[in-house]
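Colleague: One letter stands for each residue in the lines below.
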Amino acid sequence: MGSHAHTLDHSEEHGHHDHSHDHAHDHHEQGFWSKYIFSTDHKMISKQFLITAVFMGVVAMMLSIFFRLQLAWPGQSFSILEYFLGKKWAPNGVLDPNMYLALVTIHGTIMVFFVLTGGLSGTFSNLLIPLQIGARDMASGFLNMLSFWFFAASSLIMFYSMFVETGPASAGWTIYPPLSALEEAIPGSGLGMTLWLVSMTLFVAGSLLGSINYIVTVLNLRTKGMTMTRLPLTIWAFFVTAILGVLSFPVLFAAVLLLIFDRSFGTSFYLSDIFVSGQALEQTGGSPVLFQHLFWFLGHPEVYIVLLPALGITSEVIATMSRKPIFGYRAMIGSILAIGFLSFIVWGHHMFITGMNPFLGSVFVFTTLLIAIPSAVKAFNYVTTLWKGNLKFSPAMLFAVGLVSTFVTGGVTGIILADSALDINVHDTYFVVAHFHIVMGASAIFGMFCGVYHWFPRMFGRMMNNKLGYAHFWLTFTAVYGVFFPMHFIGLTGVPRRYYSNEAFALFENLQSINILITVFAIIGALAQGLFLFNFFYSMYRGKKASQNPWNSTTLEWTAPVEHLHGNWPGELPTVHRWPYDYSKPGKDVDFVPQDVPLSHGEDGH
Amino acid sequence: MISLLTYIAIILGVIAIARLVKVYELSTSLKGNDNEESVSESDSRFNGRMMMPFLLAFFAFCIYLTYSYKDNLLPESASEHGVEIDTLFNFNLIIITIVFVAVNVLLFYFGYKYYSKKGLKATYFAHSTKLELIWTIVPAIFLAVIIIYGLAVWNKITSPADPNKAVVMELFAEQFKWTARYGGSDNTLGETNYKLTADMNPLAIDSTDKHAWDDKIVSGEFHIPVNKTVLMYFRAKDVIHSAYMPHFRAQMNCVPGMRTEFHFTPTITTAQMKEKTKNPDFDYVLLCNKICGSTHWNMQMKIIVDSPEDYAKWLAEQKTFKEKNMAQVNLVENIAIK
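Respectively, the protein sequence lines represent chains A and B.
Take this note's numbering: the final residue in the first sequence is number 1470, and no numbers are missing along the way.
Take this note's numbering: the final residue in the second sequence is number 647, and no numbers are missing along the way.
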């Protein structure tokens, strides 16, 4: 806190007149480097995360278009492929099979970790935790800065790994050894995989620094009156997400470290009885399945690390834009906690057919299907919140509604996949691809768009253009279902995922038209993101100036001045008197009562 | 040249959109409805009214896909347990389709019904223990049924097979091909040791194990008899593969350093299936379903389900390990005699 007191009396010294008007509250004239680059301010760090994630997201999306071209028109020449991938990986414009695997691997890695974990949590936990709980900043601004720079370094390494001569990691985003351990088995398991592992190690470090900070901040820095049961659901979601991250990411770190040992130092944690490229490896006694256990011990909570923030954002936006309290606030908290807890004891459902003990499989079936209950509660509560609301369809609200739809549509197929007997036949097919892209990919990315549209005015002091937002939403929503719904049918035909082409099998010969359909939707979806990118960057500089509280919201972040101000509130921190969902409360003149408005006589503060 | 034109077109396109947005923003502020609200009434109306058409289009798309691809899905299950899997699948599918339709209809309908209009006031409705109990308990009941039914099928499928009543065989996976091995006349697979892998002995069979001598190794295609349990063991040479036989609803990973197993009973011969599917070229297939390298997408083996007589005839034609590797086995025998 000392630094804030210190900064208060600085404004006089730097008295540029034009400037002091814009930065009326920016007591402390920061240099470019400390303001934009090595910033310890949570709002700036949030923007850094967002911009990095947008960049990585664009990269991952382009990769997906590249491999979708191959899947729709296998073996055909595309000059765009040769342009981006070069003669080595797309000779005569035809995608190389190893590069195909590299593309799906890096697409998955970037989307899951860099966009939907780093990007989503990093952006909105950073932006909203201090602002919504009424804190000056994160508990440790320095750790927070480190968290971003670890993330940035890991993003950079992951991006760079695409340009090494032997190609990037190509063993699938789950990098199962031995494939990921043996350069002889696939060229991408050479330098590309080394960089992947280094990148993920840094990523985990950054993620842990961030998560610890989020947890401490939520627990210790809530303003007066902000009890845990007055926290907005966003904060609950970020809080539980951070706990999941702290408990599960170290396990990924361990898994990655042991894999590094196996690759570089001749240990045999994951390797046993392998004969590759004419040679019997010395390593025996390890188990490739051990890696899968460790990986999915992170991997499954990871699904909720990705989803919970999106659900939290949706809760907030649906309540605000329906002008209604979120239905079943305590049930929502309960279901977040239940999902968080259960997510740790379900990882085995990714491994039903690894030869694990069938009884163990049954246990995982049971725990996995239990998760459907809190998930159903959440979905029904969202729908009930819309009921008899006064729905104001901002782009954020549309994405929130879209999220509920994809969450349900993708969630129900999870019931099929969690049923071990059914998993035998659909495991690793396109049915799985359809399922997780809808329930986790689309939902989480919708949550992210929802958050960006909703809090853009809070971040940049300007509004995004609504009309472009609507076009972006409807095109994206159409594209999501257009791309991923048909994949269920491909999966039920028995097509395995990560196939470079379906042409080798008579069984799949009638699927070419459906693959073209999917690719066309994918291209439409990708182009639609151009609208978003344009809107985002244009509005940052030219958008309509935002009012203090453009969505008439109740939460504290809208009471802080829009200007970039270290410490968030110029004077005292606001005091909280009520829960965050007093929308359309009977007996009030306006349809929202902010959290810092004192209770009137006899009013229930929740 | 073309790429230069592309760049110019993209840049001009962006500038054009920027101008359009500016013009639009100026015109709305001229009309005077600028600073009123962040979301105008007409915007909410437009999006609210989009809800139902979108939902109908989405459902129509789902129905169209179902209609046009129903004949492309896997044909009826050709194994005993597969029939149960299909029944279980259909049972689950009915439940989840109802949930999928019901929740989406409610969601989009409410979106349409309650879009913001003049004079509309939201109802303050924060909590209802009764409702929340209903949608905790009802899903719980359905899930209980799904779990119990599913686990019953799972336990049946995974209960151990009796090797004495089954055809014992092995599928061996390597980049990027399959090899099958039969237990031979003693119906027992010989021991293996990965260090014995050689050109002459690609399956790393230990020729000192007498059980191995009558083993039969085939590649390209393998045959199994109809209506008899096939007990398959799986091994992998280099990386993880997955033996996926979609027509039999059968799949198991092949993991280096481990021996995994799966058993099933084929019920329809290849010849019968050709008739059922009205496809004279029909064949059962084994494919790899775990990413294993560049040619993962074309790692396959043909499966033929024969009548017991045809199967016996085919098997008799295959050479044993001893016949193929005479020299090696003789050497072992000589050592043993000495």
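Possibly wrong hints are sitting among the right ones.
Here are the simulated SDA-like cross-link-like pairs (lysine to any residue), alpha carbons at most 25 Å apart as the crow flies [what the hints assert, rightly or not]:
#1 B:Lys331 x A:Asn1413
#2 B:Lys504 x A:Thr1231
#3 B:Lys331 x A:Gln1143
#4 B:Lys486 x A:Gln1143
#5 B:Lys379 x A:His1157
#6 B:Lys465 x A:Leu1395
#7 B:Lys583 x B:Met635
#8 A:Lys1449 x B:Lys504
#9 B:Lys465 x A:Leu1281
#10 B:Lys426 x A:Ile1380
#11 B:Lys331 x A:Ile1380
#12 B:Lys465 x A:Gln1143
#13 A:Lys1408 x B:Lys504
#14 A:Lys1449 x B:Gly428
#15 B:Lys631 x B:Asp495
#16 A:Lys1409 x B:Lys504
#17 B:Lys379 x A:Pro1458
#18 A:Lys1331 x B:Ile326
Keep in mind that the hints were calculated from the coordinates and are not lab data.
Colleague: Determine for every hint whether it applies to the structure shown.
Modeller: How the hints compare with the structure:
Simply put, B:Lys331 and A:Asn1413 have alpha-carbon atoms about 23 Å apart, close enough for the 25 Å limit, and the pair holds. Using a Cα cut-off of 25 Å, the hinted pair B:Lys504 and A:Thr1231 is violated, with the two alpha carbons roughly 41 Å apart. Our distance criterion of 25 Å between C-alpha atoms is broken by B:Lys331 and A:Gln1143, whose separation comes to about 67 Å. A distance of roughly 18 Å separates the Cα atoms of B:Lys486 and A:Gln1143; the hinted pair therefore holds under the 25 Å criterion.
Taken as a hint, the B:Lys379 and A:His1157 pair is broken in the structure, with Cα atoms around 36 Å apart against an allowance of 25 Å. Our distance criterion of 25 Å between C-alpha atoms is broken by B:Lys465 and A:Leu1395, whose separation comes to about 53 Å. Taking the CA atoms of B:Lys583 and B:Met635, the gap is about 39 Å. The hint is violated against a cut of 25 Å. Between the alpha carbons of A:Lys1449 and B:Lys504 the distance comes to roughly 76 Å, so the proposed pair goes past 25 Å and is violated.
For a cut-off of 25 Å, the pair hint linking B:Lys465 to A:Leu1281 stands: about 18 Å separates their Cα positions. Restraint check for B:Lys426 and A:Ile1380: not satisfied, since their Cα atoms lie roughly 41 Å apart, outside the 25 Å limit. Straight-line distance between C-alpha atoms of B:Lys331 and A:Ile1380 comes to about 37 Å, which puts the hinted pair past the 25 Å bound. For the suggested pair B:Lys465 and A:Gln1143, the alpha carbons sit about 41 Å apart, so the restraint of at most 25 Å is broken.
For the suggested pair A:Lys1408 and B:Lys504, the alpha carbons sit about 71 Å apart, so the restraint of at most 25 Å is broken. With a C-alpha separation of about 16 Å, the suggested pairing of A:Lys1449 with B:Gly428 holds against the 25 Å cut-off. Only pairs whose Cα atoms come within 25 Å are accepted, and B:Lys631 paired with B:Asp495 is accepted, the gap being roughly 14 Å. For the suggested pair A:Lys1409 and B:Lys504, the alpha carbons sit about 72 Å apart, so the restraint of at most 25 Å is broken.
With a CA separation close to 54 Å, the supplied pair B:Lys379 and A:Pro1458 exceeds the 25 Å bound. With a C-alpha separation of about 12 Å, the suggested pair A:Lys1331 and B:Ile326 falls inside the 25 Å cut-off, and the hint holds.
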